[in-house]
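Novice: With the sequences and hints as input, model every part of the structure.
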Amino acid sequence: MRLSFLNAERRTLMPVHRSRREPTVAELLLIILEGAWSIVVGLYVTFINFWRTKVTDRYPHRDPALNWQPRPGYRGDFALITDRETGKLRCIGCQQCQNICPDGCILVVPEGKGKERHPKEFYIDAGLCMYCGLCVEVCPADALTMTPDYETATDDPRKLVRDIDYLRERGMEYDEVLRVQ
Amino acid sequence: MSLLSQISNWLRLTAEGLCQRWGIPLLFVDLLAWMVAVAVIIGLVLLIVLIFVYLERKVSGYIQTRLGPMRVGPIGIFQTAMDALKLLIKEDIVPRGADKILHTLGPILFFVAAMLGYVVIPWDDKAIIAKYVDLNIGILYVTAVGSVGIIGIIMGGWGSNNKWSLLGAIRSAAQMISYEVPMLLAIICVVMQAESMSLGRIVTGQQGAYLSGWYCWRPWLWLPLILFFIAATAEVNRVPFDIPEAESELVAGYHTEYSGMKFALFFLAEYANVFVVGLIGATLFFGGWLSPLGHPDPLHIPGFFWLMAKAFAIVIFLMWIRWTLPRLRVDQLMALAWKLLLPAGFLAIFIVAVVLLYI
Amino acid sequence: MSADQPPEHDEDISKEALPPELQQALAGLITAGALGPEGVEMITTPEHIIATLTALARQIDQPYDMLTDMCGVDQGDELQVVYRLYRRYSAEAAVVKVTVPRSAPRLPTATGLWALANWAEREIADMFGTTFEGHPDPRPLLLPDDFAGSPLRKDYEYPKDHPYLCRDPAREDLGLVSQSASRSEANQAG
Amino acid sequence: MTTETRTRTEELTINMGPQHPSTHGVLRLVVTLDGERVVQVIPDIGYLHSSMEKIAERLTYQQYLPYADRYDYLNAMGNELAYVMAVEKLLGIEPTPRCQFIRVMMAEMNRIASHLVYFATLGNDVGAVSVFLYCFREREAILDLFEAASGQRLLYHYLRIGGLRNDLPDDFCAGLGHFLSYFPSRIDEYDKLLTKNRIFRSRMEGVGHFSAEDALSYGVTGPCLRGCGTDYDIRRADPYCVYPQLDFTVPTFEECDAMARHLVRQEEMRQSVRILQQCLEMLPEGDVSVKVPRRIKPDPGEAYARVESPRGELGCYIVSDGSEKPYRLHWRAPSFYNLQAYPVMCKDAWVADLVAILGSVDIVLGDVDR
Chain A
59 MRLSFLNAER RTLMPVHRSR REPTVAELLL IILEGAWSIV VGLYVTFINF WRTKVTDRYP
119 HRDPALNWQP RPGYRGDFAL ITDRETGKLR CIGCQQCQNI CPDGCILVVP EGKGKERHPK
179 EFYIDAGLCM YCGLCVEVCP ADALTMTPDY ETATDDPRKL VRDIDYLRER GMEYDEVLRV
239 Q
Chain B
6 MSLLSQISNW LRLTAEGLCQ RWGIPLLFVD LLAWMVAVAV IIGLVLLIVL IFVYLERKVS
66 GYIQTRLGPM RVGPIGIFQT AMDALKLLIK EDIVPRGADK ILHTLGPILF FVAAMLGYVV
126 IPWDDKAIIA KYVDLNIGIL YVTAVGSVGI IGIIMGGWGS NNKWSLLGAI RSAAQMISYE
186 VPMLLAIICV VMQAESMSLG RIVTGQQGAY LSGWYCWRPW LWLPLILFFI AATAEVNRVP
246 FDIPEAESEL VAGYHTEYSG MKFALFFLAE YANVFVVGLI GATLFFGGWL SPLGHPDPLH
306 IPGFFWLMAK AFAIVIFLMW IRWTLPRLRV DQLMALAWKL LLPAGFLAIF IVAVVLLYI
Chain C
633 MSADQPPEHD EDISKEALPP ELQQALAGLI TAGALGPEGV EMITTPEHII ATLTALARQI
693 DQPYDMLTDM CGVDQGDELQ VVYRLYRRYS AEAAVVKVTV PRSAPRLPTA TGLWALANWA
753 EREIADMFGT TFEGHPDPRP LLLPDDFAGS PLRKDYEYPK DHPYLCRDPA REDLGLVSQS
813 ASRSEANQAG
Chain D
39 MTTETRTRTE ELTINMGPQH PSTHGVLRLV VTLDGERVVQ VIPDIGYLHS SMEKIAERLT
99 YQQYLPYADR YDYLNAMGNE LAYVMAVEKL LGIEPTPRCQ FIRVMMAEMN RIASHLVYFA
159 TLGNDVGAVS VFLYCFRERE AILDLFEAAS GQRLLYHYLR IGGLRNDLPD DFCAGLGHFL
219 SYFPSRIDEY DKLLTKNRIF RSRMEGVGHF SAEDALSYGV TGPCLRGCGT DYDIRRADPY
279 CVYPQLDFTV PTFEECDAMA RHLVRQEEMR QSVRILQQCL EMLPEGDVSV KVPRRIKPDP
339 GEAYARVESP RGELGCYIVS DGSEKPYRLH WRAPSFYNLQ AYPVMCKDAW VADLVAILGS
399 VDIVLGDVDR
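The listed protein sequences correspond, in order, to chains A, B, C and D.
59 is the number of the first residue of the first sequence in my numbering; add one for each residue after it.
6 is the number of the first residue of the second sequence in my numbering; add one for each residue after it.
633 is the number of the first residue of the third sequence in my numbering; add one for each residue after it.
39 is the number of the first residue of the fourth sequence in my numbering; add one for each residue after it.
Hints are computed from structural coordinates only; laboratory data are not their basis.
Computed footprint of chain D on chain C, listed as stretches where at least three residues anywhere in the stretch have a Cβ under 8 Å from a Cβ of chain D:
#1 696 to 702
#2 717 to 724
#3 742 to 752
#4 774 to 783
We treat Cβ as the ideally placed atom computed from N, Cα and C, and that holds for glycine.
Specialist: See the structure below:
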């Protein structure tokens, strides 16, 4: 009796069948029993997983506090930090972030000279951004940061362009979080 | 049950009276009664199918350490109903170049064939829809109409004008024809034991103290039991025998090109078939509507409930299997049917015959 | 992007640095050879490339019989193809470089020696416009069939209206926009 | 017989992909079928081509690093490692020992994560859907660790030329230790559920045969090669970082079939756990970065660095012309060459074997097309 579907070839993990010849009736019964046993073992594995703690989250929760919180240092949406004493943006408009950005998604329009220099316009196209964080690392004034906010989906790519007001507001919103880091 | 039969008797008498008064032949009353019963059963089956789909999603979710549907209604119980609704209002697409008639007829035929099986199920003592027709061949009838559905699948697969669909339909045909044989061999064993092809007689033959009379306790019927469930799983295209719609190979098999209502028909009919397998399995081996508490049931729980409970248990076991096992390849599937299950079926018949003759 | 000076390779290297058995096997085939940090490096000509590769692959005692990678480099006037060979599953590399003129980049195929060369050569043909003579299947591999140009050559310019390179119209009217354009725009604005 | 002369069979050409559930991305396979048997398979690639090599020519060395993540997105740390090693070779920089250890840890964690995705997709391909979710559950734990270290979950941009973005956070080692404590038992679970399953074995054994000679000719590396019984692993053959100090074995299986490749990966996960445990014990204190100039301008020359990615030999070849930007950057992509050998493995296969074999080759289309 030939049973090609059983592929009775050698296998180190399961020593039941090693030869390529066709199995005898006794070996065949052994294969069937072993196959049935492997199925029972598989059923047991799924059974214990049935009772395991469920890992999925019911995102988004009605209470935002229950949603998943990223770890410190998470690279999320952008923010410009406002200096507490002066109430002005820390950004000095040096355009280093703009120059290092591999995607070219940052546009800084500075205004003024010397110590007075500050950004008149500050755009980040989050739709192009790949969140590599080079702009934050290069920032000499520690002005540009990334918040833990990961919920940035919108229905229009235009809404993904962050302007200076948006970035300032984000900086205010995440002031405490960013300062702790 | 008595209340139900009283109501039905009263309805019938009223209808007969009305017919006599208006001069309508009495045959019409019978037709009407059957139609009402069919409508009730179809409604019931559709409801149960919805429950099954929900259960499947929950069971699969729990097995995969997910929560499953949770949004619509408490713990998501209305999710399937909403999905069914969504399917009904979706656009019905017929692909370009498709055979429109076959494309439409396929799911209808498949659905009708799936529903026909319910006609002969003994829901309770003497509660069979087709009680006025000769039921000596009930189990034969079930397997016969079960094979009709394949024509619907082939129609759908061919009519879709899609190569994946065609492959799925061909696979399905080959699979159903192959597994019909071992399934019938397994059923023949039970028929030999019960000495009848009537499903009602098969159930009443299993009466005994508590659940001792069920055929699943007779060791010579264990082999047919296993054969029946393997073959029946293959017959309804479930994992590990779901090659006709193997989504990683054939996209979605024969219903690749279906959408909306027609897809819903395929989907519902598949689960209706699974339910038939549960019902027939319970009837053949687990005492059908017989109560495990004794005869008659000391708590007066209707037999309908027991049959449902048994069928649900079987279906949930099939779900458990489905979310555990990989699927077989088409040649392995054929080899399993013809090289292993078929000889095993003959062996089972031989064993049962020997046992019944000499023991 | 301007075509910069090609890196200088073969100023002070000579064939004497190679092991003697290689010198013998490759006599007359290579124009230069050196010992690099990972293994031997050599430069040859298109006529001799197959002979060189065969000699390396068929060496008696320890053949370099594993072609790991093929890579094209635009060297200004010439296109270079780098073959990276290893002694069977070891760390000893042999790097064979061959240059072809930019105007007529033709090379014999190495598919007869290694099956790996098939896709590698098709990729180089896509990207640099080289022709591998005798290649069994010279269709474009990575690029669309109707793509014109050789993208990895230094003088390749993006056709602005090319359908495969179209910009996102939703971003066009923003002023700040995509890719490298923003940098020049920023300079103008600043 | 008139019927026999009239009956005519034809081969069926069918497009598997670019949108097909189990081609693992946008791969198109032009398959010629004779019934259910495969006559010919022609992979058609390029649908995910993203000019990774051309992009490098317009970016500085630091700027290109995030792109290295994106090219084989399941092995981002390994790509970064290859790229960073190549640039460091050009510059002649030697990173600190702590940095080396952390790099090895990251690469090995990414290997586990990548093999988990392999397990998941293979299980899905052969119909065992639950394995998919189990593997992703474990992978999430690794991604959590990556997130703690680098701030991102998939494309990390954690390695830097000459060092790392930052040192490991305080709770990282404890978290990794916890993961390593339960993960081997999870591998046993997959072993029971999938690998030892009779149906799975009959699907995988003897399927996709591919000899060691073919592997040499096609330049197939990684688990596909070790499934042919060849003991070739860059971590052993051409050691980099601190692999010489670590004790691990390179699993090989002789069968040359899909099952052998599968078993290699399963065993590699256990070996990665061993490596990670040793790394946790041996992790030295100290700085993680060395000083590099802000503007990186390597001398003219070239460098080729190769690492063992989960898919095979991953090489990064950089030609420098002395400017801030790479003159030419070339990825030696393991999936690219492994996929080239796929039609050879599909000889005499059934339709269902196509997906099983493709799963066992474990390609990433970002790696194939670059």
